[in-house]
Amino acid sequence: MASKVSDWVERIKDRKFKHFKESYEHEKEKIEEAMGKPRITITVEMPEGYRGQEKDFRELETDKEFLDEVEKLVKKELERKRKNRHSEE
Amino acid sequence: MDSSYLIYVLVYLLTIFLALSETLPVSVSALVGALFMAWFGINGGLFTYEEAFSFIDLKLTILLLGIMIVVEVASRSGIFRLISLYTTKLVGNSPRKLFITLCFLSAAASLFLSDIAAFLMVSATAVTISKFLGYDPRPFLISAALMINLGGTGVLIGSVSNMIIGLNAGMSFTEFAEYLLPCELSLWVLTTAILYFYFRDRLQGTPREIQYDVWASIEDRGAVFRSALILGALIIFFVMGDTIGAPTEAVAIGCAVIALATSGYDPRDVFSRLDWETIFFVIGFLFVVRGLERTGVLQEFSSWIMGLASGSVLIITVLMLFLSGIVSIFLANIAVALTFVPTVKLLDVANKKPIWSALVLGTNLGGATMPVSSVVLVMALGVLKQEGISIDLGEVTRIGFITSMIQMVYAAIYLIFYFRLVI
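Chains L and A, in that order, are what the protein sequence lines are.
Each residue of the first sequence is one higher than the one before, starting from 992 at the first, in the numbering used here.
Each residue of the second sequence is one higher than the one before, starting from 264 at the first, in the numbering used here.
All clues given are correct.
List of simulated lysine-lysine pairs, DSS-like, C-alpha gap at most 30 Å:
no., chain 1, residue 1, chain 2, residue 2
1, L, LYS1028, A, LYS648
2, L, LYS1012, A, LYS360
3, A, LYS648, L, LYS995
4, L, LYS1012, L, LYS1063
5, L, LYS1012, L, LYS1028
6, A, LYS352, A, LYS648
7, A, LYS352, L, LYS1021
8, L, LYS1066, L, LYS1046
9, A, LYS394, L, LYS1067
10, L, LYS1021, L, LYS1072
11, A, LYS394, A, LYS648
12, A, LYS394, L, LYS1009
13, L, LYS1012, L, LYS995
14, L, LYS1055, A, LYS648
15, A, LYS648, L, LYS1009
16, A, LYS394, L, LYS1063
17, L, LYS1074, L, LYS1028
18, L, LYS1072, A, LYS394
19, L, LYS1009, L, LYS995
20, L, LYS1072, L, LYS1055
21, L, LYS1012, A, LYS648
22, A, LYS648, L, LYS1021
23, L, LYS1063, A, LYS648
24, A, LYS360, L, LYS1021
25, L, LYS1055, L, LYS1074
26, L, LYS1066, A, LYS394
27, L, LYS1046, A, LYS648
28, A, LYS394, L, LYS1012
29, L, LYS1063, L, LYS1046
30, A, LYS648, L, LYS1066
31, L, LYS1067, L, LYS1028
32, A, LYS394, L, LYS1021
33, L, LYS1028, A, LYS352
34, L, LYS1028, A, LYS360
35, L, LYS1055, A, LYS394
Just so you know, the hints here were simulated from the structure itself, not pulled from any lab data.
Same shape as in the complex, but just chain L (with noise of 0.2 Å):
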C-alpha cells in the first residue's frame, strides 16, 4: 500500500514537474551566471556505426562517470587556449 502511495505521488510529481523544468532550468543558469559559474549546452549526435545502442546513448545524458569526464575533457582544452594565449602574449 505505501508502496503504491509512493509510486502515485512519484508520478503526480514528475508530470507536474515536466512542465516546470524548462523555465527552472533556465532560471538556474541565469543564476549561476551572475555568481561565475556559466554554462553550456551542447547537442551530441549518436555517432554512425552504433545502431541498437540507442538507449545506451541516451543514458550518457545523466551518467555520472561520463560527465566527468567531459568535465576533464573541458579543463583539458581551457588549460590548453590559457597556455597558447600565454605563449601568444
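Please arrange chain A on chain L, whose structure you already have, making use of the hints.
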C-alpha cells in the same frame, strides 16, 4: 432535492475523481465534467443552452488572464530574479540568516505572484546559492514551498482561490487585505519560527565569501524598469480601485495590455507561457458547480451547515475554516473554493465577512498539509530530484502537517478576535 438529480451529483464526483486520480490532466477532467453537466443539464431541462453560457465567469477569467500576463512579462524581464539575488546578497552568507530571509522572501513574493512563479523565483536562487556555499538545500527548498503556500493568503491576487472567493464575496482589493493581511503577516513570523526550530540543526556551515554581480543575470535593464513600473502601477490601481471606481479585473487586464504593448516581447511567446491548465480547470469546474447549484444540492449543504451551527456565525466561521482546510488537503484548493463559494452565498446569515475570510484561510492553509496537495511542494520535490538530492517523503508530510495545523488553529483564534465573534 429530487432523486433524479443524482446524475448531476455523480458528474461532480466523477470530475473530482478524474482530477484527483490524475486519470486525465486536471484541466481535461474539469472540461469532461462540464461536457457531461451540459449534456445532462440541457437535455434534462435543468438549464437551457443560453443559460449555460452564464456559467462561465467572465470577470474571473479576465482577472486570471490579466494577472498571468503581467507576471509573465515581468518574469521575462528578470525582475524577480534580480530581487531574489539582491535580497540574498544583502543578507550575507550565514545559513541561518539566509534561511530566515528566504522564508520571508518566498512569502512576500507569493503575495503578488502565482505560487509557481514565486517558487521559480526563489527555488533557483535557494538551490544555487546553498549549493555554492556548501549548505544542505533541503531545508531552504521545503521551507520556501511552505512559505509560498502561506504567502498568497492575505491579498486578493495572491492565489486563484483568493480571486474566486474575493470576486464572489464582492470584496475590493483593500477590503480583502484589511481582513486577511494582518493574519497572514503574523503567520509569516509564526511559521518561520516553527520551520527554523525544526531545521535548526541542519542550518550549519561556515559562511563562505561569494561575490556576484546581480545585474549580470539581466539581459535588458530597460525591461526591468518597465516591469517595475507596471507592477507598481498594478498595485497602486488595485489599492485605489475603490476610490477611482476601477474594478479589480479591469485594472488587471488594463495593466496586462500596457505590459504587452510596452514590453516588445512577441505576444505569442507570452501567451504560450500562460497557465492555461489552471484557466481551463477553473472554467470547466465552475461550470460543473453552477450546474450542481441548480439542483439544490448546495442549498441543502448550506442548510446542513446552518443547522449544525444553529445559525451561529462563530461556529459557521470555525466550521468553514476547518472544513475547507481539511478538504483542501485532498482536493485542489481551486475546486474547494469553487464548491464552497455558492454554499456560503446561500447561507442565511447577515454578516458573511468572517465566513468568507475563513474560507480564504482554509483553502490556502490546508493546501500544504501533504506533498501532493500543494503544487509548490510537488515542485520542490521535483527540483530536489532534478538536483540528485534525496528526501524523505514522510518528513515533508510531517513538517507540512505540523505547520498547517498550527496555522489553522492560529487562524481560528484570529478570526474570532478580529471579527469579535465571541461578544
